[in-house]
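Top to bottom, those sequences are chains D, W, U and P.
Heads up: the first sequence begins at 550 in the numbering used here, then just goes up one per residue.
Heads up: the second sequence begins at 550 in the numbering used here, then just goes up one per residue.
Heads up: the third sequence begins at 417 in the numbering used here, then just goes up one per residue.
Heads up: the fourth sequence begins at 417 in the numbering used here, then just goes up one per residue.
Just so you know, nobody snuck in bad clues.
For lysine-lysine, the following DSSO-like pairs were computed, each having C-alpha atoms within a straight-line distance of at most 30 Å:
| no. | chain 1 | residue 1 | chain 2 | residue 2 |
| --- | --- | --- | --- | --- |
| 1 | U | Lys418 | U | Lys493 |
| 2 | U | Lys438 | D | Lys606 |
| 3 | P | Lys438 | W | Lys606 |
| 4 | W | Lys725 | W | Lys751 |
| 5 | W | Lys667 | W | Lys725 |
| 6 | W | Lys751 | W | Lys739 |
Interface residues of chain P toward chain D, partial, derived using beta-carbon atoms under 7 Å:
| no. | residue |
| --- | --- |
| 7 | Arg486 |
| 8 | Val494 |
| 9 | Pro521 |
Hints are computed from structural coordinates only; laboratory data are not their basis.
Where a beta carbon is used, it is the ideal one built from N, C-alpha and C, also for glycine.
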Amino acid sequence: MALFRRILIANRGEIALRVIRTAEEMGIETVAVFSDADRGALPVRRATAAEHIGGSKPAQSYLDAGRVLDAAVRSGCDALHPGYGFLSENAAFAEACARRGITFLGPPPDAIRAMGDKVAARRIAQQAGVPLVPGLQEDVDEPRLAAAALQVGYPVMLKAAAGGGGKGIRIVHDEKGLLEAFRMARAEAKGAFGDDRVYLEKFVTRPRHVEIQVMADKHGNVVHYGERECSVQRRHQKLVEETPCSALTPELRERMGRSACDLARAVGYVGAGTVEFLYSGGEFYFLEMNTRLQVEHPVTEMCYGVDLVREQIRVGAGLEVTQPGTPRGHAIEVRVNAEHPTTFFPSLGRIGRLRLPGGPGVRLDSAMFRGLEVTPFYDSMLGKLIVHGADREQAIARMQRALREMRIVGVATSLPVALRVLEGDEFRSGDYDTGILERLAPPAGHDRELALLAAAVVRFLSSERVGGDRRQSSVGAVPTWAQLGRVERLWRDRR
Amino acid sequence: MALFRRILIANRGEIALRVIRTAEEMGIETVAVFSDADRGALPVRRATAAEHIGGSKPAQSYLDAGRVLDAAVRSGCDALHPGYGFLSENAAFAEACARRGITFLGPPPDAIRAMGDKVAARRIAQQAGVPLVPGLQEDVDEPRLAAAALQVGYPVMLKAAAGGGGKGIRIVHDEKGLLEAFRMARAEAKGAFGDDRVYLEKFVTRPRHVEIQVMADKHGNVVHYGERECSVQRRHQKLVEETPCSALTPELRERMGRSACDLARAVGYVGAGTVEFLYSGGEFYFLEMNTRLQVEHPVTEMCYGVDLVREQIRVGAGLEVTQPGTPRGHAIEVRVNAEHPTTFFPSLGRIGRLRLPGGPGVRLDSAMFRGLEVTPFYDSMLGKLIVHGADREQAIARMQRALREMRIVGVATSLPVALRVLEGDEFRSGDYDTGILERLAPPAGHDRELALLAAAVVRFLSSERVGGDRRQSSVGAVPTWAQLGRVERLWRDRR
Amino acid sequence: MKYLARIGEDEREYSFAWRDGKLIATCGDRECVVDVARIGDGEAISLLVDGQSVDVVADVDGEDVVVLLRGERYEAKVENDRERAAHAVAGARHGGKRELRAAMPGVVVAVQVAVGDEVAEGQTLIVLEAMKMQNPLCAEAPGKVTRIIVEAGAAVAAGALLVELE
Amino acid sequence: MKYLARIGEDEREYSFAWRDGKLIATCGDRECVVDVARIGDGEAISLLVDGQSVDVVADVDGEDVVVLLRGERYEAKVENDRERAAHAVAGARHGGKRELRAAMPGVVVAVQVAVGDEVAEGQTLIVLEAMKMQNPLCAEAPGKVTRIIVEAGAAVAAGALLVELE
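With the rest of the complex left out, here is chain D (with noise of 0.2 Å):
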């Protein structure tokens, strides 16, 4: 018998379609909800049913709890799915969801709302034997500014308490500027947010943004599944994830894993959760904890053999956690955004030509299909493509094949920006940090010798077309080779 008999997924695009693949798979039925831009979306397509919720604009359909959880209801769910985004870390919704007596497949509300707030979430982390980057866990006053950094050790990092996404960050070399500095801060951080708690904390130079997976059931068990690393990332938005991590050794994995274990337990975790560190010289400090399924789950799952959605439902239902097998390979993934590859800008369009790449060791998550309209509505990722490997080596040269083959025509998209990073040295080496892509070496244009020639051909042969030669006029799918050979010979023996 299936765990649930129903699951809305409160979500779109990649991740909607994922988690109803594996709810299919487990024999239950899924609910898609959607706005009016998503009327045609790929989930709305293979779900079981769909309920429409609103405007195009987030805060009209997915953003809108009541809307939602009225879709739940009415279409007969028993259980929902939060995706990653939108209500996945809103406490109030999934208690709203279990007044109305749906299992709502994430964590409990408080523990949503512990680590929802980042310095209560140190707080928690501290008292759980987590390592912090060294610094205050409370809001610093002028007085005590000095000497605090000077303990926790220059250059040291303010930063607005209610602050997030890097925004509201002031990094201090040495005394000179700090009072300044920290008046400036607390200035900034009440226009932001509201707010003006500051707080001081040890800046880790060359910073590796490394991650456990972990996950808890209701029975008091917490596993986690190794590590992700994920310091490929411009402006906090990841771009390439890779596990296992090159700079991990056995040792420091199993400390961080307990550690992120330890966490979980200490808030009364349970489902998929993602520890976030900081990783330098050896050593990992607490960043924070996403109580959701993330992004790049995948590399995970390719190591581990595990569906990490599966274990979600199964422990929402009760299940005891799947205790992890040992991982196998190295696995990578290449987020696919639509966005211009040198300038970053969105890169709005109509998806037309296509072409997947395949074959041993790709995986590709995306609701991506010809004809799609890239609107501007939601954020930018389109898919990710994932790959395995026996070893590192291999996982990389999977990823640029797999790279070379993959073709989206009607947006412009990150894909050669992964692929630069892929080739370059300093991803290769394993040795990176956070700062990789602002290194990043512009295009090497290895082929643009053949893109000019082929640019060049392109509109030679639309020309042609256009203007009705002969010789071109009846080329057609199949034996073109053939074809131009004989069309071009009857040709020039007319001459």
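Based on the hints, put chains W, U and P in the right spot on chain D.
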């Protein structure tokens, strides 16, 4: 440094693309060969270089050893991968490659020859201690016939020594019809193969077709990667394959694996090979050895986390074979054939819209693309869909899910047949044999009611469009839902 | 306008009307509300039939509609009122004449009937070799062979007329 | 007819001729033989350039040709003789007038220049918010702002004229 400079792929379709993918990942250049019909094929486009080798009929191109070899020499190749079919089991071709200084990525010519003659192969297998179907290893004559049949035990099978692919086989259930059947078998064998030798063996009831994947290097190491269960077949054309086989115990698997390796050693085997066995009631019997990569090799790759083409290239270059790790989970392959799902007629045409499956545990090996013309020149396999799951149940559910996702327009395919196999109790029980397809239930038609409605709606919409009905005329790609509503409302207001 | 859809033995008659942007499909005394969305340039059609999602990829060729749905492939015939009337007239005129055509290009390897033969439903009339396989082409219904157009050895195109029956 | 192809700073001039069914491409004193095959309905173009396989997916919009090749994306401009002549004339007539247009639909969050300002190459003129990101739109070359069409807060469509320079 790459193991070879350039590999010529002496094949076409999905297997040519499969080899190109791995070679590219290993930093080795590739040369595709193509017939007139295949100028636009994906392997031609994905290879480093491509050489035209002749007409569309296989005899004019892919089977023409001279043309293929000339292309290899002309394009500066130092190795050649034969794929499967065509020249892959042609000992003379393997010798010719060696003479022209090109490494043939397959076994030594003598091993090909030894295994190519089915009578000789049985003799070698027997000497190597590999179990055979009880029977006579040599040509039978009339005087010894009745005693032999009695010794072997009824039912017995009379088989043309020169036959293959199930041709020239007669089954005799008791002594009554034996002599007459024998004389007819002789006459038939003479007529069909110009060779009237007939041998006699036990007819194995409810046999399963189970094969062992072996890999051998030039240093005398021979390893195996477990078994593949290939009993879902029609007229000796496999349709669904899986690993592991539900019938095998670890002890049986080990014995079969050891037998297969013994046989490979006995013929001085190098490279990838498959030893086929009949399995029934706890016993296994040698059938034949395929001295090449097998179509269904990906299921093994997914469970062992190995790239068999990579291993072929490595051992071809003289490296030692990689020791197989522990297999994980369960894998299933479904062949995507361009044939009508009820009549099994080949379905020719041009592939139009194409929706490929994706997500966790799904692999597609195919050279299909939108616009591909399926011609009558080659076999009808368009590709292979492979899934991996933590266990057999998950793998089956995953394959069903992937089959429901996949859409191919323009030709009919065998996918619905595969789906029916996977839905059937016999396959799900794991207890099936080579008769499973004959016993397959007709389409259940769960969704026939919806299909009828859908067909009518589609027809209605297309006639509305043809008629230039303004309610439908402006329906574009995206906000169809909203637009339909709006346009309709306008129209109603106007009345 | 009514539409008669047939798949194998099953047939249903529908009528359609638009109401508030949705399609109301009526079949006998049952009615359902269908929300219709066309995807891309004819990539697919998404139906929400009383909320249930039906992801259809269809190929329409006149009255022949091939529907791909949840992994199955349905070959449907859909006629509207006008076409049914026209067919009735044509049927009367042709007096039940029927044809066997080549389902695919190939070479005729055997003609297993002669003019005047009475054939049973499912009886093999022609064996056609295509894609290295021999494919029996059978009578769709009992009848009498009135004309044989091809002989063994002939190469035929897809759709070529092979045998006429009545 | 000659074709001038440009990608960034690089440019090449080609002329083409058919010979025995192959395209002969000449660029300066170099010549190569290109075997051309069009795949499907414009799905892709396969070139064999002196045997080397080049798998091109291209999007042609007048003189703008986007080429996808081996994982890279090239934005090329290709002009033929006629177009080059026409452009030369147009260039002379417009006297070096230049425009800044919106690369995507969005909302103008800031206008960072005024009419009459001298701007440097790469200087931000407008900040456009689209897809929840703020995107600086910069001057492609040094110049003087002659006209500002939009103001902060305005929603603009892709391709909308924002600023004129000379």
